[in-house]
Amino acid sequence: MPKRSLHRIPKLAARVLLPIIAIALACKPVPHTPSAPSSPSAFLPSIAAIPQAVDAGEIEEFDRENLWINLNGAATYYLDYGCLRMATRSYRVRTDSLPEIEIVVKIFDMQNPLFAFGLFSQFRSTDMEFRKIGAEGSLSSSDLLFYRGRYLVDVLLADPSLRAPALLESVSRQIDSGLPVGSGRPVELGLLPAADRIPYSERFVRQNGLGFGFLRNGLSAEYRIGTDPTRLFVFTLASADSAGEALTRFSAELSEVHPLTPPLGDRALRGIDPFAGETLLLTLGKRLVLLQGTADSEASRNLLRECVGTVGKR
Amino acid sequence: MDRRRFLQTTGAGALAGLTGVAWGQEEKSPRIARYRPLGRTGIEMSDISLGSYGGISPRLIARAFDLGINYFDTAPDYRGNGIASEESIGAVFHVPSLREKVAIATKMCAPRNYPAHWPLHTPAAKIISGVEGSLKRLRTDYIDVLLVHGVGELEDGDTERVKDTELLEAFTRMKKTGKARFLGMGCHGPRKMVETVEWVVDSGHYDVVQVAYNFFNGTGFNFRQDGLDGVLEKAHQKGVGVIAMKTQAGAKPEDVARITADGTQFSHACFEWVLSNPHVSGILTTVGNREQLEEFTAGSGKRMGFGDKQLLREYASLYGSASCRIGCGDCLDACPHQVAIPTVLRYQLYHDVYDRPEVARRAYERLPVANRPVDCAGCAAPCASSCSHGVDIPGMLLEAKGKLDGDLA
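First to last, the sequence lines map onto chains A and B.
Take the first sequence: its letter number 18 is residue 18 in our numbering, and every next letter is one higher.
So our numbering is basically just the index in the second sequence, starting at one, shifted up by 1000.
FYI, nobody ran anything at the bench for these hints, they're computed from the structure.
Hints may be right or wrong, so weigh each one.
Sample of chain B residues facing chain A (criterion: CB under 10 Å; computed from the structure) [to be verified]: (1) Asp-1077; (2) Ile-1083; (3) Arg-1290; (4) Gly-1305; (5) Gly-1307.
All C-beta atoms, glycine included, are put in the ideal place defined by N, C-alpha and C.
Sequences are here, hints too, so could you generate the full structure?
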């Protein structure tokens, strides 16, 4: 090939490639659209999926407007925790040890893992047995409650006088296997220090924390300090000013109020709560932190310092 | 000082009275202004009393007591914040000097999430065992009023639970041993509410009826509904105590806000309407926080005024004229074609009054075809005379079909 021809190749390539590159750069990238959340009815098992099921009722679906039809006055509680939709179905199951029994499955779309966890944490208690189903599950005498991601699932016996824990577990695991994977406990739990935390003691309240309308979005957990369990609360409010106001209002409920020395956080106080004993409280930006039920000691201060660390990271 | 030592030294008896007194708030707080006898029970209950669905903190219960509330309603399936409401009540009133000053009512059901009603023919021993659990959580050795719960909510035969001999036997045994003082029945329909209450009153077995009763039970300017009012009067005459619940008719805050700048006025108007019936001893209401508790308590002892009637009338005309009354059920068996009348009319309400046409149509589409008003046009309409509230059922069903169903007849 003649020398002059070779010299033209880079220019030719540029003439061809540059426009192509320009066009490519001018095109907007296609945004990744996350798929819409599935209706909870999509996760209700078929009859074939439940061993020994002989019959199933119709699928019923409810939304925020008509949830009360299924749950009556209890619907308000679910709605307060953000429930968007619920799907339910009943199944008749024949087992070897029991006469034919009816199981009811209810799957709630709670919008996000925090709300699902929050409502779950309201219903579970230490007199229930914990099960590693979903992100977390709890088994009582006649129902099994668990959550995974945004979905809260209740599997219960229609007759609460019966006991069938193995059946409740197997149905729950069947449902769990169909829920979207990768959804563990809500990330917001990272606000609470992990060390010395009593397992399964975490809770989330959206409103009316400790019975006060100004305490909202509260995560809490119990910690072992000394002989008594102690509860740590972290309320996330609208702003630092709101947190400061909440601290002032809550401290008005206490007696023997003194500044915490040495100080922690933005503002810190200690006092006596007539219902929970000694209380340490402080603000960290828009967060109000309360530690209740333990004496002011090096151990309780250490817990608060750890909390300052975990809150500071979020 | 840690929590356990604190409670031991001060005593729970000191808790009541600490929720406002020490910090100069007491003189600003509302108080219960009226107590009424609860039938023949000897209980003088506060006109505004406390329900506890969804869990309630001991702090709120103690505050309620401080404000003069002396009747507390709970159930084994009421829980929130990881504890049972029964435990919260027990945490405050386990001290004998406080316990004797309040009446505690709980229900015969299983201690798990709602619904947890014992089904028909549950053995008496199992029912008693359930109540023993309540006594333990309440930290008391007796219950003032023990109720059979949510009668009429489930399937058609559910109202038979009030006649269940096992249940009645269980109560008789508990009364003999001093564990339960009085028997009650709680009902908000929708099935056969008036009929069931009348049976309960006539039976002689029951001491208390607890019913859904609110201004929607009235009609026109009279605000009285013949069926239920008559039965409540009969109950009163026979010494059966009457407690009202659902007194605010499930009114949504956003709907209330459309007609009044002050939500407090609406709640008080609701309470006043109910308590203007002399046969009602008291109302039960649930509260979420201290502010709400004080708002509701401030409604105690008030008399209904003209402004209150106007407010309720306006709300009823906007949100009640086309709707079924909670607990009515008059039309449930009226249709020979199995049309789900109350359900269809409710969806029409969503469409017309709540301005949610898509929600209404989706809900309507989920109804089995057999339950939709497909044959109304040529029907003799026996439903027309079934509604004691004067709702034009045939006309409204045809209208609903036109709005909710894409295919016209």
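Interface restraint verdict for Arg-1290/B against chain A (beta-carbon cut-off 10 Å): holds, 6 Å
Residue hint Ile-1083/B, partner chain A, criterion CB-CB below 10 Å: holds, 6 Å
Restraint satisfaction for Asp-1077/B [CB to CB of chain A, less than 10 Å]: holds, 9 Å
Given hint Gly-1305/B near chain A, where the shortest CB pair must fall under 10 Å: violated, 28 Å
Restraint check, 10 Å cut-off on beta carbons, for Gly-1307/B near chain A: violated, 27 Å
Checked against the numbered hints above, the structure violates hints 4 and 5; every other hint is satisfied.
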